[in-house]
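Add chain Y to chain S, keeping to what the hints say.
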Amino acid sequence: MSWQARRLHVPLQLASVGLIDSLLVSLAGTGQIEHVKGRHKVVEKRCERIGTHPAGILFSSCAQTSYLSMDVHRGASSTKHPKSVWAIDRPDECHTFCTAEAGGWTDQLGHYWNVAREGESDFGTRGERLAFFSSPANVNDPWHGFPVGGRRGMKFRSPPPDDLVEKWYKESRITYVTYTRIITRRV
Amino acid sequence: MSKLKSLRICIPGEYRDLWLYKNRLYIWDRFGAMRFLGLDSAVKHLALNYGSAIASLAQTLIFRNDWKAGEQLRTMLRVQEIEEAFLQPFTTHDTIVIELPAYLFSASESEPYDGCVLDTHIYADRVYFGTPDGLLESYINSKQPERPYGLEQQIDFRISRIAVRYAAINASAEGNGLHFARVRFTSPDDPIPGFKRADWRKIADYSLATSHANHNLLNYTDASIPSLFRAQVEEARTHEKARYEERQVVGYQDATDLSSLAYSAVTTATKVAASSLASRTETTGEVQILGNSSYHLLATWNDRLRVIDIRAFKGKDIEVRPSRDYMKASIDTASPDKILETYPIKGGFVVELFDSIRLITREGSFHLADGQVARIRTFTSSVRHKEAIATVEENSASLIGFYIAEDVLF
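Protein chains in written order, with my numbering: chain S, 25 to 211; chain Y, 315 to 724.
In isolation and in its complexed conformation, chain S is listed as follows (with noise of 0.2 Å):
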């Protein structure tokens, strides 16, 4: 919504305070919520490896989804471009993956994003708090990602869309100091 249109609407903090129960509620049908605390949703970690890949290992997401937790995103890769690199162990990556499919915290490109809460660790090496899901070319293909950061002077810098990071900050998943500082790329 433009700032113009935004004149003739209540504030969006105060629009926003009921639509964060209602979407906890819909979001709980799905099967993919376990249970609400507080107001932050909580999704159970039900991440199963089921099996290798040649380029690293598969897991099943808490909706069946298929992930691959790849491994050039696990150590330094001898690929030609350098990678991200995940400070959290596989099974955590996928869970990361798994929170962000039950939020539905999609770009409009379909790719999935995640952001460390506060209190949670960095989810990469260089201090990467936020994580990309890259929506796979052939839906048969599994889901990856590898964590990024927004900040100027990032190698792996990728910042996500202001309306995402928005969403994040009216579902009580971020405070608004992460807000502010992902969303003037200082995270």
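Check each hint, because a few of them may be wrong.
Claimed, not checked - Here are the simulated lysine-lysine pairs, DSS-like style, with alpha carbons at most 27 Å apart: (1) S:K107 / Y:K652; (2) Y:K516 / Y:K630; (3) S:K179 / Y:K642; (4) Y:K336 / Y:K358; (5) Y:K660 / Y:K628; (6) Y:K457 / Y:K510.
FYI, nobody ran anything at the bench for these hints, they're computed from the structure.
Structure of chain Y alone, referenced to chain S:
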């Protein structure tokens, strides 16, 4: 050894931004409504509630940094007994936190911007907001701050950072480039004094942030070293009734790539001029410029921080050299990887880490405050608040002033 003492004035509430300007504190809530408080009233409140010693510290360390920098006060504070009396409130703690209640502030009826503001700047009574909706401009009437003004659109695409000084507005729009316009001044008698649509010119194709280095402009991109735009400066009056001419930036020359110069300056101990440099000096490790405080550039190389100075005077070659000002003490803080952003103050840098704020000056590197902040503001272009630091936290806003106590008297 130097020791940092800090005074923090906390304003409870949920805020978006704050700014010190013309003897007032302006503060915006998260719906964009602006409130203001005269600094004289603030000092009076602090004197009544915390005593004259604290009020005097607040005045000197935050509201009147020109007094702090003045030769008279500095000379007096060299007398140990006077310095001890001045710093008496710090006897038991190096940090003092006091409160300024929100009810002291008066409301302004100016049109609010209720969306997310990425950057704010006040210059010549004009308020600029960098937002996802573009660059917006409003106005502050310094004589009647309660008087309402509208919000007008200068640019209609996402503006992430603004640098306004020397009558020049510079706006970073990431993939939409770096944009420059001269501030269009109007007569004070103009019925609508603030808004005049500026004549915008795109001067770079990509810009994540921009900052002044004296009159010149640095453009930060995904590259590790910013490029430099040398300013074209003219003496001009801001309006027909102005008594004096001011140095105004009227344009910029094409950008200069500073990579080779910065590499050479970081890795050698000597001055390097652009004309004397054939190619980039071979180094191990990457040099990155984290930010600048005017012509001082904070650089990282092999996990160590260094400050290099850049000079680009009119008609002379661009020169870069290790800063002499920052050679006396160690300025290393945490790992440079952990630095989220840097902000300029007079004589140093404020360094934002994930859950704390540090200060780098020629005296060394100091811990300034704990906690995560949504925003940090500094005011290097003001006369009175060159060393003041404003922060926005989750449930408060703060003004921070500091004093570096030296062991050496003379």
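Broken hints, numbered, in rising order? Of the numbered hints given earlier, the structure breaks just one, which is hint 3.
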